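Chemist: Protein chains in written order, with the working numbering: chain A, 12 to 413; chain B, 79 to 248.
Hints in this document: simulated from the structure, not taken from any laboratory.
Think about it this way: if two alpha-carbon atoms lie no more than 27 Å apart in a straight line, the pair counts; the simulated DSSO-like pairs of lysine-lysine are:
#1 B:Lys93 with B:Lys81
#2 B:Lys229 with A:Lys69
#3 A:Lys104 with B:Lys172
#4 A:Lys112 with B:Lys81
Some chain A residues flagged as far from chain B (calculated, every beta-carbon gap over 10 Å):
#5 Phe147
#6 Pro199
#7 Lys200
#8 Glu319
#9 Val335
Because the structure is a prediction, the values reported are computed rather than measured.
Note that CB positions come from ideal geometry on N, CA and C, so glycine has one too.
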Amino acid sequence: MPEQKYFPEEEHKEFITLNLGPSHPATHGVFQNVLTMDGEFVVDTEQTIGYIHRAFEKLAERRPFYQITTLTDRMNYCSSPINNMGWHMTVEKLLGIEIPKEVEYKRIIIMELARIADHNICNSVIGVDSGALTGFVYMFQEREKIYEIFEEICGSRLTTNIGRVGGLERDFNEKAWTKIRTFLSEFPKVLKEFEKLLVRNRIFMDRTIGVGAISAERALNYGFTGPNLRAAGVDYDVRVMNPYSSYEDFDFDIPVGTHGDTYDRYMVRDQEMWQSLSIIQQALDKLQKMSPGVFHADAPSVYLPLKEEVYNNMEALIYHFKIVMGEVDAPVGEVYHCVEGGNGELGFYLVSDGGRTPYRLHFRRPCFVFYQAYPEMIRGRMLSDAILTMSSMNVIAGELDA
Amino acid sequence: MFKTDGQLTASIEQKLKDRFGDGLISSELLVDMPTFTVHQEFIISILKYLYDDDLLQFRFLTTLCGMHFIEPSEKLGVVYHLHSLKHNLRIRLKTYLPMDNPEIQSATSVFAAANWMERETYDFFGIIFRDHPNLKRILNEDDMTVFPMRKDFPLEDQTREDKNDSMFGR
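Construct the entire structure; sequences and hints are all you get.
Modeler: Structure follows, in structure tokens:
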């Protein structure tokens, strides 16, 4: 254990208490850490969370299913489409709706774009925290392009509320397809450039290798999922273990690290972006052979009809009214569904008593589960390492506090 | 849909029955998840057994969350979702607690991940986890006196005067 080196017990020492956060430029969110410091080394930390707790689980108990999507947006707001899709799929599992392959592939395109956006932010922020601001600026331009695609598909950018229970709210338009293709051809160049800035950069490597490491065993015991777990060397990915939305039709690798340190987490996210690009390309190829224009399942009692139809078609009007007023009852039952979110297994435990709203909805937020390992990961290390560890874990305050 | 292994599930049920007898109250398959309802006194020994068993290896705690039931009789519940990465099998363990004494043994001795999950459950449902290293509120403020996820706690702030309920059909 490295910590014993810095504070031998025989010496009498007084520790400093340092209050990091709740609002601090280096924490990228509302977290408070009360650090006990020995000089510049961290002895221990006490985390305070909940500053932006918005009672999503309680709110969800009073909302019809389709209104809960907006709550999921605001959890991991760096990749809200994944949260949205995860929620739709949970409800579809409860209702037993079959989704056409075309829709599932389109959903995969959206989810993988969101994953790229999420990893993009996280990796460039690791750069920022280790003193390399340049890459961040370039990568944010690319994120902007992904948000433009979302804007084209659903009309909004950050909190997307994308898709509906039973499909997507509208088909991708021609502009969206063009933007996706342009992104696919242009992003690899930028990503390669970004890799050149950091991957073999001596300063970056010195700052990140061995920092904030966690063993695979401890990571599993702490309930790590996503890139953080894979960096520790466990090849657990929900997309492969429990494929949803037809991920089993795609061919991709799971990048894994070995030491579970900041550098490995960075590399795993970096490689995952390449995998996501390949998945999107595969989805585009597959969709070319399929019938165009399919964007929702044939489930009129739950899928919110198009506005044009509501105005011109009696049945659509009736269903619109029934769905909006929450008069479509869900079956009694309980389901757990999970998706591979930006930073791990995002789960929804939904208990329905047959009413218009969930009886109980529990979100398994990956951040909330793995952030508790933070004190163990930074003990005995320097304050600047602690900052870097936090940004490489990709803790998102919105998801942490629900 | 998760993979469900009927044979393996049956063997888990048999093992739990042999070992814990009345500790296992019921077992069923809910959609795609084998669900075992167990007696709360046995919960930690069952978790430990599932963790240590060489064949099963349920070594991943996916979630732990509270429940509050009003009907048919008022009670609290704790739900555990376990994942065996070896078999890629997910199971759910449920246990019920009485309202007047909602106490259960903490799972932190088996899973480090249970620490905050249990704090959250205590915070929102008032379920006391015995032998928890640091059982205090986590998301709500420390001096809160109620347990907000219980069904008898109203969603809206009852002290508000600027909102007329009759305008909202309530």
